[in-house]
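Trainee: Please work from the sequences and hints to get the whole structure.
Number of protein chains: 2
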Amino acid sequence: MATVQALGNLEGAVDQGTAELLNIFRTTGPLTRADVSEHTGWARMTVNSRLDRLVEAGLLEADGLTSASRGRPAAQFRFNPARGVLLVADIGASGMRLALCDLAGEVHRRVDAPVDIAAGPDVVLGEVERRFDQMLGDQALAGSVWGVGISLPGPVEFATGTVVEPPIMTGWNGTRVPDRLGAHFDVAVFVENDVNAMALGEQRACYPQVRDLLFLKTGTGIGAGIIANGSLLRGAQGTAGDIGHTWADAEDAHARRPLCRCGKQGCVESYASGWAIVRDLATAGQPIETVDQAVERVIFGDPLATSLLRDAGRVVGSSLAHMVSVLNPSVVVVGGQLAAAGEHFLGGLRERVYARSLPLATRDLQITRSKLDGDAGVIGLAHGLADAVLSPANLTEPGRELARRA
Amino acid sequence: MATVQALGNLEGAVDQGTAELLNIFRTTGPLTRADVSEHTGWARMTVNSRLDRLVEAGLLEADGLTSASRGRPAAQFRFNPARGVLLVADIGASGMRLALCDLAGEVHRRVDAPVDIAAGPDVVLGEVERRFDQMLGDQALAGSVWGVGISLPGPVEFATGTVVEPPIMTGWNGTRVPDRLGAHFDVAVFVENDVNAMALGEQRACYPQVRDLLFLKTGTGIGAGIIANGSLLRGAQGTAGDIGHTWADAEDAHARRPLCRCGKQGCVESYASGWAIVRDLATAGQPIETVDQAVERVIFGDPLATSLLRDAGRVVGSSLAHMVSVLNPSVVVVGGQLAAAGEHFLGGLRERVYARSLPLATRDLQITRSKLDGDAGVIGLAHGLADAVLSPANLTEPGRELARRA
Numbered sequence: 148m149a150t151v152q153a154l155g156n157l158e159g160a161v162d163q164g165t166a167e168l169l170n171i172f173r174t175t176g177p178l179t180r181a182d183v184s185e186h187t188g189w190a191r192m193t194v195n196s197r198l199d200r201l202v203e204a205g206l207l208e209a210d211g212l213t214s215a216s217r218g219r220p221a222a223q224f225r226f227n228p229a230r231g232v233l234l235v236a237d238i239g240a241s242g243m244r245l246a247l248c249d250l251a252g253e254v255h256r257r258v259d260a261p262v263d264i265a266a267g268p269d270v271v272l273g274e275v276e277r278r279f280d281q282m283l284g285d286q287a288l289a290g291s292v293w294g295v296g297i298s299l300p301g302p303v304e305f306a307t308g309t310v311v312e313p314p315i316m317t318g319w320n321g322t323r324v325p326d327r328l329g330a331h332f333d334v335a336v337f338v339e340n341d342v343n344a345m346a347l348g349e350q351r352a353c354y355p356q357v358r359d360l361l362f363l364k365t366g367t368g369i370g371a372g373i374i375a376n377g378s379l380l381r382g383a384q385g386t387a388g389d390i391g392h393t394w395a396d397a398e399d400a401h402a403r404r405p406l407c408r409c410g411k412q413g414c415v416e417s418y419a420s421g422w423a424i425v426r427d428l429a430t431a432g433q434p435i436e437t438v439d440q441a442v443e444r445v446i447f448g449d450p451l452a453t454s455l456l457r458d459a460g461r462v463v464g465s466s467l468a469h470m471v472s473v474l475n476p477s478v479v480v481v482g483g484q485l486a487a488a489g490e491h492f493l494g495g496l497r498e499r500v501y502a503r504s505l506p507l508a509t510r511d512l513q514i515t516r517s518k519l520d521g522d523a524g525v526i527g528l529a530h531g532l533a534d535a536v537l538s539p540a541n542l543t544e545p546g547r548e549l550a551r552r553a
Numbered sequence: 148m149a150t151v152q153a154l155g156n157l158e159g160a161v162d163q164g165t166a167e168l169l170n171i172f173r174t175t176g177p178l179t180r181a182d183v184s185e186h187t188g189w190a191r192m193t194v195n196s197r198l199d200r201l202v203e204a205g206l207l208e209a210d211g212l213t214s215a216s217r218g219r220p221a222a223q224f225r226f227n228p229a230r231g232v233l234l235v236a237d238i239g240a241s242g243m244r245l246a247l248c249d250l251a252g253e254v255h256r257r258v259d260a261p262v263d264i265a266a267g268p269d270v271v272l273g274e275v276e277r278r279f280d281q282m283l284g285d286q287a288l289a290g291s292v293w294g295v296g297i298s299l300p301g302p303v304e305f306a307t308g309t310v311v312e313p314p315i316m317t318g319w320n321g322t323r324v325p326d327r328l329g330a331h332f333d334v335a336v337f338v339e340n341d342v343n344a345m346a347l348g349e350q351r352a353c354y355p356q357v358r359d360l361l362f363l364k365t366g367t368g369i370g371a372g373i374i375a376n377g378s379l380l381r382g383a384q385g386t387a388g389d390i391g392h393t394w395a396d397a398e399d400a401h402a403r404r405p406l407c408r409c410g411k412q413g414c415v416e417s418y419a420s421g422w423a424i425v426r427d428l429a430t431a432g433q434p435i436e437t438v439d440q441a442v443e444r445v446i447f448g449d450p451l452a453t454s455l456l457r458d459a460g461r462v463v464g465s466s467l468a469h470m471v472s473v474l475n476p477s478v479v480v481v482g483g484q485l486a487a488a489g490e491h492f493l494g495g496l497r498e499r500v501y502a503r504s505l506p507l508a509t510r511d512l513q514i515t516r517s518k519l520d521g522d523a524g525v526i527g528l529a530h531g532l533a534d535a536v537l538s539p540a541n542l543t544e545p546g547r548e549l550a551r552r553a
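Same order as they appear, the protein sequences are chains G and H.
Under my numbering, the first sequence has 175 at position 28, and the numbering climbs by one with no breaks.
Under my numbering, the second sequence has 274 at position 127, and the numbering climbs by one with no breaks.
Hints should not be assumed to be uniformly reliable.
[Unchecked claim] Simulated restraints on C-beta separations:
#1 G:SER538 <-> H:SER241: 46 to 54 Å
#2 H:GLN433 <-> G:ARG403: 35 to 43 Å
#3 G:GLN356 <-> H:ALA265: 35 to 43 Å
#4 G:ASP333 <-> H:ALA221: 38 to 46 Å
#5 H:PRO355 <-> G:ASP210: 43 to 51 Å
#6 H:GLU490 <-> G:ARG257: 49 to 57 Å
#7 H:ARG257 <-> G:ASP210: 57 to 65 Å
[Said to hold, decoys possible] Over 10 Å on every C-beta distance to chain H, these chain G residues come out as not near it, computed from the model:
#8 ASN170
#9 GLY176
#10 ALA204
#11 VAL254
#12 VAL258
#13 VAL270
#14 GLU276
#15 THR309
#16 GLY321
#17 GLY329
#18 CYS353
#19 VAL425
#20 ASP439
For the record, the hints were derived by calculation from the structure and aren't laboratory data.
Glycine included, every Cβ here is placed at the ideal spot set by N, Cα and C.
Mentor: Right, here's the structure in full:
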């Protein structure tokens with residue numbers, strides 16, 4: 148078992164102003180002492196003592212001198228993301244990606260591993276712990292772990308990191324993930340729904356200026372993560388964006404509403420998800436094993452698979468059209484396996500959005516494929532975790548239950 | 148013309164800490180100097196100088212002594228909402244409510260007046276100015292105006308207070324409301340979409356602990372205002388929540404999709420709004436003049452009107468079911484004239500939400516009628532405006548373009 152030291156290893160808390168100063172450096176480029184003074188209005192002595200505290204803690208580092216063109220050269224400082232390590236795991240239904248990131252959310256090591264989410268929390272989280280220990284390797288690195296982030300394919304009560312009535316995660320209902328992982332790694336634990344983590348990853352890494360973004364995951368299941376007013380919208384029970392089990396527009400496909408894996412009839416997933424397409428190909432006498440195989444068939448020009456993907460695009464597009472009117476995002480990022488079919492899937496999706504959303508809401512709307520693909524989740528987790536552990540609330544009063552104060 | 152003094156009349160800006168202290172008092176009960184010291188961690192001298200500055204500015208006032216049971220009695224202070232006046236006008240398609248509020252958003256005077264929104268900005272805003280001048284009455288009161296808030300029945304670009312492509316507001320497209328009203332009243336001007344203002348009013352006045360709330364306005368038109376993560380969700384173009392022109396669930400009513408007043412076919416409004424019900428009664432040979440008359444017929448037991456309201460509830464309910472899955476609110480407040488038909492309208496609405504939303508999203512969901520009714524808009528405007536003019540950003544650097552910094 149890794150013996151990881153307590154949060155941040157800052158040898159105690161810092162004061163509010165020092166914590167705020169760190170967050171100024173996190174969001175800007177290099178700054179001189181005079182820049183900080185101008186930005187904050189703090190007295191020179193206050194700037195010096197706070198900045199020195201952060202340099203001494205290793206969270207800021209020297210970044211050379213300003214050029215001499217504007218008066219006397221001055222020492223510049225910048226945030227040092229290498230000061231700590233974040234361990235994150237994006238856990239899906241059948242596979243997971245684990246990553247070791249720095250405090251700026253950059254991925255330094257990554258590993259993919261199979262997992263069976265229905266094996267329950269003991270097996271799955273045990274495997275996560277084992278893989279994290281392997282990634283850390285030596286104890287020196289282990290000592291610099293600042294936090295652990297986990298995403299799961301089901302509803303999570305964010306404040307406590309508890310899994311709440313997940314449809315496909317047998318044995319997980321009520322599991323408080325921080326209790327388990329916090330006992331192994333003695334650091335902050337951050338738990339998020341998988342699609343939320345992906346939405347955050349896309350926004351932070353690819354669209355940092357965009358305050359209203361929708362991430363649509365179209366894989367075995369269908370779901371959405373929502374960035375509104377610049378931050379994740381989770382909702383009262385943590386189910387916001389869970390559009391896979393909303394009522395599908397029925398004109399699109401079957402006359403009789405199909406049974407969904409959630410137990411209801413006629414949900415979006417029951418028409419237009421990866422599992423529904425696998426089912427429909429089997430019904431038509433073309434059995435395949437995986438969603439990826441269905442997408443391969445589309446790419447190789449199979450007419451039935453292509454028609455199913457296009458219909459699926461329209462059904463998901465009807466739901467997306469409604470979301471675009473409700474949320475008025477400026478960017479919709481489409482990820483997941485079905486998006487890999489490109490315009491065969493996105494064509495029907497765009498068709499519905501432009502026909503049915505408010506004209507003003509689609510005027511400047513960008514609908515685009517995910518750029519991060521499989522990394523969106525781990526990058527989003529690392530950013531969310533960095534925000535939490537480096538927040539003024541946490542730096543001034545370090546503790547493990549981050550989410551309560553986030 | 149009222150000659151109203153510049154923002155706040157604080158004789159200059161206050162520093163960041165003083166502005167933060169004011170906002171602590173705005174959100175708590177009475178506090179002693181020791182309470183403030185404990186809450187903020189500021190040195191006693193800093194607390195004293197900031198608190199004295201706010202008392203001198205009239206923004207804090209003495210509130211007696213603490214009881215002697217816990218040591219020596221100490222002087223308490225509280226926020227003084229009477230220090231300034233806010234003028235707000237909730238402008239609808241055919242009528243408006245104007246109110247004079249204090250800095251805590253409480254309504255002290257109100258007046259209703261007819262208005263024809265299609266008469267254009269010059270006529271309508273001219274009338275608003277005239278009514279505000281009348282409400283202020285004497286110049287002494289005029290001198291204490293801190294801000295003006297306006298809500299309008301169309302999309303508003305919040306950052307600039309500009310009306311953007313409104314469907315029913317002839318002549319308003321591109322109007323920058325603050326330019327006009329700011330020239331008359333030399334104070335901050337805050338412009339908001341009408342349903343957003345109502346959502347904010349309901350949340351602040353009736354559900355202050357609720358962070359995810361949906362306000363559904365069901366009147367002549369249909370629209371929603373969204374509170375997510377505790378604040379208004381406006382979207383990239385300010386059209387978030389505009390569900391009146393989303394694609395209605397077509398099983399519910401007519402076989403042929405009716406033409407909507409927005410020019411599209413088959414929108415929610417084209418089936419289920421006040422104007423659609425007036426249209427359908429006329430088509431059936433029962434012409435009436437107003438939406439209120441349709442609701443009266445329901446209350447007096449007319450079978451056709453009742454059936455139309457129940458169908459309308461189902462159509463709006465289908466759209467609401469989708470929003471509940473997307474946003475996962477804990478409270479849905481239903482206002483507007485159709486809601487006055489009570490369960491004849493709400494019955495169909497609830498039926499659809501409970502049948503079609505995610506079970507987890509409806510487990511603790513409360514669907515309830517508006518408690519504020521006609522005051523929701525002015526109360527929401529007053530709260531939004533108070534937040535803007537008393538924000539640290541505005542108090543430290545007073546100016547008129549609040550929204551940019553909000």
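Trainee: Evaluate each hint against the coordinates.
Mentor: Right, here's what the structure says about each hint:
{"no.": "1", "hint": "G:SER538 <-> H:SER241: 46 to 54 Å", "verdict": "48 Å, holds"}
{"no.": "2", "hint": "H:GLN433 <-> G:ARG403: 35 to 43 Å", "verdict": "38 Å, holds"}
{"no.": "3", "hint": "G:GLN356 <-> H:ALA265: 35 to 43 Å", "verdict": "37 Å, holds"}
{"no.": "4", "hint": "G:ASP333 <-> H:ALA221: 38 to 46 Å", "verdict": "42 Å, holds"}
{"no.": "5", "hint": "H:PRO355 <-> G:ASP210: 43 to 51 Å", "verdict": "45 Å, holds"}
{"no.": "6", "hint": "H:GLU490 <-> G:ARG257: 49 to 57 Å", "verdict": "56 Å, holds"}
{"no.": "7", "hint": "H:ARG257 <-> G:ASP210: 57 to 65 Å", "verdict": "58 Å, holds"}
{"no.": "8", "hint": "ASN170", "verdict": "15 Å, holds"}
{"no.": "9", "hint": "GLY176", "verdict": "23 Å, holds"}
{"no.": "10", "hint": "ALA204", "verdict": "19 Å, holds"}
{"no.": "11", "hint": "VAL254", "verdict": "28 Å, holds"}
{"no.": "12", "hint": "VAL258", "verdict": "32 Å, holds"}
{"no.": "13", "hint": "VAL270", "verdict": "25 Å, holds"}
{"no.": "14", "hint": "GLU276", "verdict": "28 Å, holds"}
{"no.": "15", "hint": "THR309", "verdict": "13 Å, holds"}
{"no.": "16", "hint": "GLY321", "verdict": "13 Å, holds"}
{"no.": "17", "hint": "GLY329", "verdict": "25 Å, holds"}
{"no.": "18", "hint": "CYS353", "verdict": "16 Å, holds"}
{"no.": "19", "hint": "VAL425", "verdict": "23 Å, holds"}
{"no.": "20", "hint": "ASP439", "verdict": "28 Å, holds"}
The earlier numbered hints are all upheld by this structure, with none contradicted.
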